[in-house]
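Peer 1: Going down the list, the sequences are from chains H and A.
When the letters of the first sequence are read in order and numbered with my numbering, they come out as residues 265 to 570.
When the letters of the second sequence are read in order and numbered with my numbering, they come out as residues 265 to 570.
Check each hint, because a few of them may be wrong.
Partial list, derived from the structure: chain H residues whose beta carbon lies under 10 Å from chain A [unchecked claim]:
#, residue
1, Leu447
2, His454
3, Thr462
4, Leu470
5, Val473
6, Ile479
7, Ala493
8, Thr498
9, Thr519
10, Arg530
11, Asp533
12, Arg543
13, Ile552
It is worth saying that the hints were derived from the structure and are not from the lab.
If you're wondering where the values come from, they're calculated on a predicted model, not measured in any experiment.
By construction, the Cβ of each residue, glycine as well, lies at the ideal position given by its N, Cα and C atoms.
There are 2 protein chains.
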Amino acid sequence: MSVIYQRVAFIGLGLIASSMAHAIRRSGLAVTTTGTARSADTRKVAREIGLVDQVFDTAAETVKGADLVVLCVPMGAMGTVAEEIAPHLEPGATLTDVGSVKQAVIDAVTPFLPQGVHFIPGHPLAGTEHSGPRAGFAELFDNRWCILTPPDGCDSQALARLSRFWRGMGANLDVMDAPHHDLVLAVTSHTPHLIAYTMVGVADDLRRVTDSEVIKYSAAGFRDFTRIAASDPTMWRDVFLTNKDATLEILGRFTEELFALQRAIRQGDGDLLHAYFTRTRAIRRGIIEAGQDTDAPDFGRAKSKG
Amino acid sequence: MSVIYQRVAFIGLGLIASSMAHAIRRSGLAVTTTGTARSADTRKVAREIGLVDQVFDTAAETVKGADLVVLCVPMGAMGTVAEEIAPHLEPGATLTDVGSVKQAVIDAVTPFLPQGVHFIPGHPLAGTEHSGPRAGFAELFDNRWCILTPPDGCDSQALARLSRFWRGMGANLDVMDAPHHDLVLAVTSHTPHLIAYTMVGVADDLRRVTDSEVIKYSAAGFRDFTRIAASDPTMWRDVFLTNKDATLEILGRFTEELFALQRAIRQGDGDLLHAYFTRTRAIRRGIIEAGQDTDAPDFGRAKSKG
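With the hints as constraints, model all of the structure from the sequences given.
Peer 2: Shown next as structure tokens:
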């Protein structure tokens, strides 16, 4: 792998930024990396573990001389950060981000964008339920998708370079427009997360079943919900606030379908239930065939005996 | 491990029965195993792979001389099978089952129960999305819970023996009454499955997002839903038809909570969302501490590059 950027600057040093830093080093994609975080504690940890070559206290210092700047802050902070760094961005530099919603980032960042800076929003579809600068690992993006949503008239060389960079970190690349991205993610990510959060909340709240029972018997299905309901609360609050329309649209469809199944249960309509459950099996097979999951039967099984 | 039953008979040879057969052999828990299945094809496969010592064409032959009979058929078939085998059960034998709903099994089986046969309903909380006689493996129950719901006045020696048997197959044992079991499972398993089925159905049905997009981008959360939405349709149809009341109760609570979160999104109430998402994180930690899942960050990651 060869060097793609001279100097990559991270604003925000959580799971995604720290994984990118490791992946860049693994493949030698940049000469230097810099980073900053709003929290002094995060900056301290990043310095201790040598996450990037230089940790700065301000975003302005961090982006100085960088030919790639990556915004890795929660959706709600994108505009503020863009305003802060705008005067310090190098002409010809590429500015990207890793936010889960793309139209909202474009709306927040574009007003501050200086002439000559290439803004190419991005979204790596990878994560774990862990957060912070210690959570990152170089393999996070391997065989995962990264979606770029370049604006009309985007510089094609800048786009090709950023694409090479993501491929160098192990990701598969895709390009689409921001509104379509936001709808696709509302289906595959945002609504499932909201539903998982809700189900876990119901279980927690139900006085007739204790938390310890819920935990003990979680392997029967509930466990898969708790994994995604353990993701970073700030990030997810911002996702729902910024992808409001698409999420509410998919939630509306979900509620409709749920009511239909609920009525089938109430009326004892086994044929409807069986047909529905048979149809959903096919999608699962597609996901395994596409290499986005494993069908190993011991998936998620703890090694130790409790 | 020592022999606990002389002859264990399986009615139904799907994932659970075949895993039990492997686990029995692993630990030498029975002298002989027998089995039957309604489908000739399943019986043929079971004979080919030597799943049990003897495969019979009828349930009557299968249970003859058995001191443990395990009903491993869908919930909807429990009554019919009980009626069929009742005249052939040995006095002093234990009859158990592995159904996901317990009150309905008791209601279906008890009318046919001969004097002197110990009926102790059971439910191993373990599974994969695979079905059939080839799906079983000896480790399925390791460190998983098995819940027994003995009726009032159950013979304590028969209960102790069945408990030893399940522990011998690697499971942790718990005992509770059938209605409480059905409520706990409605929370930890049945409602989550229905919700997962619904979400996968919505994604499949949405014309503006293609199935291939759903599959490609599933790693962002949706994937965890498809795993549980790929379970056996017949089994799950019967679960919802037989645990109707508890499932509808939890679904009602779920819908209430979902509407509250939906309103928070619509109104932009970030504080409510953040507080809710923070609370649900704690349950996840409990599950990992209880050894019912792993927090490995590469959980579910396919090994090969697609």
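Peer 1: For every hint, state whether the structure bears it out.
Peer 2: Against the structure, the hints come out as follows:
A cut of 10 Å between beta carbons decides the hint on H/Leu447: the least distance to chain A is about 6 Å, and the hint holds. Because the beta carbon of H/His454 sits about 8 Å from the nearest beta carbon in chain A, less than 10 Å, this interface hint is met. With its C-beta approaching chain A no nearer than about 5 Å, H/Thr462 sits inside the 10 Å limit, and its interface hint holds. A cut of 10 Å between beta carbons decides the hint on H/Leu470: the least distance to chain A is about 6 Å, and the hint holds.
With its C-beta approaching chain A no nearer than about 5 Å, H/Val473 sits inside the 10 Å limit, and its interface hint holds. Hint status for H/Ile479: holds, given a least beta-carbon distance of 4 Å to chain A, under 10 Å. For H/Ala493, the shortest C-beta to C-beta distance to chain A is roughly 4 Å, which falls under 10 Å, so the interface hint holds. A hinted interface residue such as H/Thr498 counts as satisfied when its beta carbon comes closer than 10 Å to some beta carbon of chain A; here the least separation is about 7 Å, so the hint holds.
The beta carbon of H/Thr519 comes within 7 Å of a beta carbon in chain A, closer than 10 Å, and the hint placing it at the interface holds. This hint holds: H/Arg530 has a C-beta 6 Å from the nearest C-beta of chain A, less than the 10 Å allowed. At a threshold of 10 Å, the smallest CB-CB gap from H/Asp533 to chain A is about 9 Å, leaving the interface hint in force. Here the hint on H/Arg543 is kept, as its CB sits about 7 Å from the closest CB of chain A, short of 10 Å.
Hint status for H/Ile552: holds, given a least beta-carbon distance of 8 Å to chain A, under 10 Å.
Consistency note: the structure conflicts with none of the earlier hints.
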